[in-house]
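A.B. asks: For any residue, its number in the numbering used here is found by taking its place in the sequence shown, counting from 1, and adding 176.
Take the hints with a grain of salt, since some may be wrong.
Straight-line distance between alpha carbons at most 30 Å, and here's what the computed BS3-like set of lysine-lysine pairs gives [what the hints assert, rightly or not]:
| id | residue 1 | residue 2 |
| --- | --- | --- |
| 1 | K285 | K205 |
| 2 | K205 | K252 |
| 3 | K309 | K179 |
Bear in mind the hints are in silico, worked out from the structure with no lab data behind them. Fair warning: this is a prediction, and the values are worked out from it, not measured in the lab.
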Amino acid sequence: MSKVESVLTHWHSHRDVLAPLVDSVPEDKLDFKPWDGAMSFRDLVWHILSTGAWFAAAAKTGRITNQPERPDLSTKQAILQAISSLTDRTHADVASVSDEQLESLVDTKAVFGADLPVNVLLSSMIDHEVHHKGQLFVYARIMGAEKLPFFVHRG
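All chains should be built: construct the whole structure from the sequences, respecting the hints.
C.D. replies: Now the structure itself:
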């Protein structure tokens with residue numbers, strides 16, 4: 177397995193839980209916020225998707241790009257479709273990176289104050305996703321979801 181394939185396997189072990197997690201939440205609770213000023217469940221899912229795609233595009237292109245445009249996320253089905261399409265897009269961008277490129281610097285000064293190697297950017301992408309997915313699990317429990325997926329997908 178190449179290093180990039182290993183990154184993708186690790187990332188998918190987390191990303192592939194997102195759709196089942198969304199599916200476990202009642203549709204009428206997608207705008208739940210645990211406190212004023214917090215992102216809603218729906219917005220937090222979009223934040224995970226759009227930021228993951230943004231990290232992957234930067235790894236692919238070697239520079240910071242715009243985040244994807246937010247689609248209509250008014251229904252659970254629309255959110256699940258966004259998960260599918262942005263997962264495919266993010267996977268393709270990461271898969272386009274060679275093992276040799278993992279040490280290449282990405283122009284990230286405008287965001288992080290320094291240029292970062294692709295491998296650090298991809299590691300940060302996964303860390304970011306894990307952090308926010310953990311929040312979604314807490315939101316789901318507060319919203320009354322009882323049957324939740326395991327936090328990682330194996331297989």
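A.B. asks: Does each hint fit the structure? Answer for all of them.
C.D. replies: Results of checking the hints against the structure:
| no. | hint | verdict |
| --- | --- | --- |
| 1 | K285 <-> K205 | violated, 38 Å |
| 2 | K205 <-> K252 | holds, 10 Å |
| 3 | K309 <-> K179 | holds, 24 Å |
Going through the hint list in order, the structure does not satisfy hint 1, though it satisfies all others.
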